[in-house]
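K.L.:
Sequence:
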Amino acid sequence: MYAKKLNVGAVLLAIAIDWFLGKLWLRLREFAHRFLGTRENSSDEEQWWALNLFLNLSFLLVRAIVWVAVALYIANLFPLTRRWSYRLGKTLIISFISPVISVGKNSYSVVDFLILIGLLLGLVILAGTLTNLLRSRVLQITRINRGLQEAIAIVSKYTFVCIGTVVLLQVWGLDLSSLTIVASAIGVAIGFGFQDIAKNFGSGLVLLFERPIQVGDFIEVGNYTGNVELIGARSTLIRTLDQVSIIVPNSRFLENEVINWSHLNPVSRLHLSVGVSYNSDVNLVREALLEAASDCSDILPKPKPQVLFKGFGDSAIDFELLVWINKPSQQIVLKSEMYFRIEASLRKHQIEIPFPQRDLHIRSGNLPLELSNKLAQTLFEISQKLIKGEQNPSNHDHEKNI
Numbered sequence: 001m002y003a004k005k006l007n008v009g010a011v012l013l014a015i016a017i018d019w020f021l022g023k024l025w026l027r028l029r030e031f032a033h034r035f036l037g038t039r040e041n042s043s044d045e046e047q048w049w050a051l052n053l054f055l056n057l058s059f060l061l062v063r064a065i066v067w068v069a070v071a072l073y074i075a076n077l078f079p080l081t082r083r084w085s086y087r088l089g090k091t092l093i094i095s096f097i098s099p100v101i102s103v104g105k106n107s108y109s110v111v112d113f114l115i116l117i118g119l120l121l122g123l124v125i126l127a128g129t130l131t132n133l134l135r136s137r138v139l140q141i142t143r144i145n146r147g148l149q150e151a152i153a154i155v156s157k158y159t160f161v162c163i164g165t166v167v168l169l170q171v172w173g174l175d176l177s178s179l180t181i182v183a184s185a186i187g188v189a190i191g192f193g194f195q196d197i198a199k200n201f202g203s204g205l206v207l208l209f210e211r212p213i214q215v216g217d218f219i220e221v222g223n224y225t226g227n228v229e230l231i232g233a234r235s236t237l238i239r240t241l242d243q244v245s246i247i248v249p250n251s252r253f254l255e256n257e258v259i260n261w262s263h264l265n266p267v268s269r270l271h272l273s274v275g276v277s278y279n280s281d282v283n284l285v286r287e288a289l290l291e292a293a294s295d296c297s298d299i300l301p302k303p304k305p306q307v308l309f310k311g312f313g314d315s316a317i318d319f320e321l322l323v324w325i326n327k328p329s330q331q332i333v334l335k336s337e338m339y340f341r342i343e344a345s346l347r348k349h350q351i352e353i354p355f356p357q358r359d360l361h362i363r364s365g366n367l368p369l370e371l372s373n374k375l376a377q378t379l380f381e382i383s384q385k386l387i388k389g390e391q392n393p394s395n396h397d398h399e400k401n402i
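One point on numbering: in our numbering, the residue at position 186 of the sequence shown is 186, and numbering is uninterrupted.
These aren't lab readings, by the way, just hints derived from the structure by calculation. Here the structure is a predicted model, which means the values were calculated and not measured. Warning: the hint list may mix true and false statements.
Claimed, not checked - Below 27 Å or equal to it, Euclidean Cα-Cα: the simulated DSS-like pairs (lysine-lysine) are:
| hint | residue 1 | residue 2 |
| --- | --- | --- |
| 1 | K348 | K335 |
| 2 | K388 | K374 |
| 3 | K374 | K335 |
| 4 | K335 | K310 |
| 5 | K374 | K304 |
| 6 | K302 | K348 |
| 7 | K304 | K335 |
| 8 | K385 | K374 |
Stated by the list, open to error - Each pair of labels, with its calculated beta carbon distance range:
| hint | residue 1 | residue 2 | range |
| --- | --- | --- | --- |
| 9 | Q243 | Q195 | 31 to 37 Å |
| 10 | Y339 | P266 | 45 to 51 Å |
| 11 | L169 | I259 | 41 to 47 Å |
Where is the CB? At the ideal position from N, CA and C, for every residue including glycine.
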């Protein structure tokens with residue numbers, strides 16, 4: 001009876017500890033993210049992933065230790081299972097501390113690998129934290145453009161991770177010269193199994209150093225148009241004008257044509273097509289269009305707006321108003337605003353905007369129609385009745401009076 005009470009108490013204690021660890025894990029997760037200045041978004045994907053993996057593995061390991069300890073404690077309460085629990089505990093300890101792999105002159109156990117994984121995850125988290133501090137505390141006060149700031153921050157992060165990994169492996173006692181064969185095997189595996197990932201990573205480095213696109217640029221790639229928010233190791237984040245996040249692989253920017261409206265000079269030209277009636281005075285139309293452009297504060301005064309006579313359309317005289325802007329991401333809104341102003345200016349000057357119409361001209365004066373005999377006879381009878389009615393209008397009026 002006493003052993004049963006101890007069993008129930010041990011299980012209840014394990015459940016309570018497990019529940020407490022879950023609450024503690026949530027609090028630690030919130031505190032770590034707040035302290036490190038990270039948020040669950042794409043702007044710091046690697047750091048967020050490493051932090052979550054580190055916390056999840058730590059929590060899983062602690063929970064496993066608690067439940068294994070409870071199971072061994074319960075097994076020790078009974079003579080029949082005490083021997084098996086002792087053997088199981090000894091086997092687990094030996095499995096964790098015994099060498100499982102030898103690299104060079106050194107041998108490493110499971111515990112050693114767990115420690116190394118924890119240190120590497122901590123290195124990634126530390127690199128992300130230092131990058132955020134560099135980006136927010138140092139680079140922002142230098143007043144360099146946003147794209148160059150992001151490039152410096154990402155290169156610094158990768159450099160810190162590479163150097164830190166080499167230092168950790170040396171401190172861990174691993175001779176890097178003995179990893180030549182392993183590195184060759186990893187290189188072959190990357191070449192065959194992770195070809196796309198390696199290609200996108202290399203493309204990301206090219207984008208960072210050549211900078212054909214930068215963070216903050218307004219670009220158009222394929223069917224997507226938006227602002228570049230992040231250039232990562234594998235992909236680039238584009239936020240469209242509808243505030244939709246599009247993740248594009250980096251290799252696509254090097255393999256396909258990309259329109260960068262902000263490259264070197266953000267000034268670009270808008271083309272506004274307008275059609276007016278053939279009865280309009282073309283000089284008055286030009287004045288009306290230039291007047292509409294001069295009233296808009298978002299249109300640059302230099303270069304000056306231009307009006308081009310495009311030609312004679314089927315139903316209208318075609319003009320094109322050319323204006324310059326320095327906000328390419330606002331071009332859709334500015335086009336709409338300009339068309340509002342153009343319509344008001346044309347209405348003010350009483351210039352007609354025509355609608356499509358067609359005129360039918362018959363050269364012979366007669367329609368070459370072929371009618372059936374029955375239809376022709378019916379039309380003839382109707383016409384005869386109409387003729388008789390026109391010849392005798394008095395009889396028709398007399399019938400109406402009756």
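K.L.:
Is K302 within 27 Å of K348, Cα to Cα?
P.N.:
holds, 26 Å
K.L.:
Could you tell me whether the CB distance from Q243 to Q195 stays inside 31 to 37 Å?
P.N.:
For Q243 and Q195 the Cβ distance comes to about 34 Å; the hint holds.
K.L.:
Please work out if K385 and K374 have their alpha carbons no farther apart than 27 Å.
P.N.:
holds, 17 Å
K.L.:
Would you mind confirming whether the straight-line C-alpha gap from K348 to K335 stays at or under 27 Å?
P.N.:
holds, 20 Å
K.L.:
Verify the proposed pairing of K388 with K374, using a straight-line Cα cut of 27 Å.
P.N.:
holds, 21 Å
K.L.:
Is it true that the CA of K304 sits at most 27 Å from the CA of K335?
P.N.:
Given pair K304, K335 holds - Cα atoms ~17 Å apart, limit 27 Å.
K.L.:
Taking 27 Å as the top limit, are the C-alpha atoms of K374 and K335 close enough?
P.N.:
violated, 60 Å
K.L.:
Mind checking the hinted window 45 to 51 Å against the Cβ distance between Y339 and P266?
P.N.:
Given range 45 to 51 Å: violated, Cβ gap about 22 Å.
K.L.:
Measure nothing beyond the straight line between the CA atoms of K335 and K310; if it is 27 Å or shorter, mark the hint as holding.
P.N.:
It holds: about 19 Å lies between the C-alpha atoms, which stays within 27 Å.
K.L.:
Hint says 41 to 47 Å; check whether the CB-CB distance for L169 and I259 agrees.
P.N.:
About 45 Å separates the Cβ atoms of L169 and I259, which means 41 to 47 Å holds.
K.L.:
Hinted pair, alpha-carbon criterion (27 Å max): K374, K304. Please report holds or violated.
P.N.:
violated, 70 Å
Hints 3, 5 and 10, counting from the list given before, are not met by this structure.
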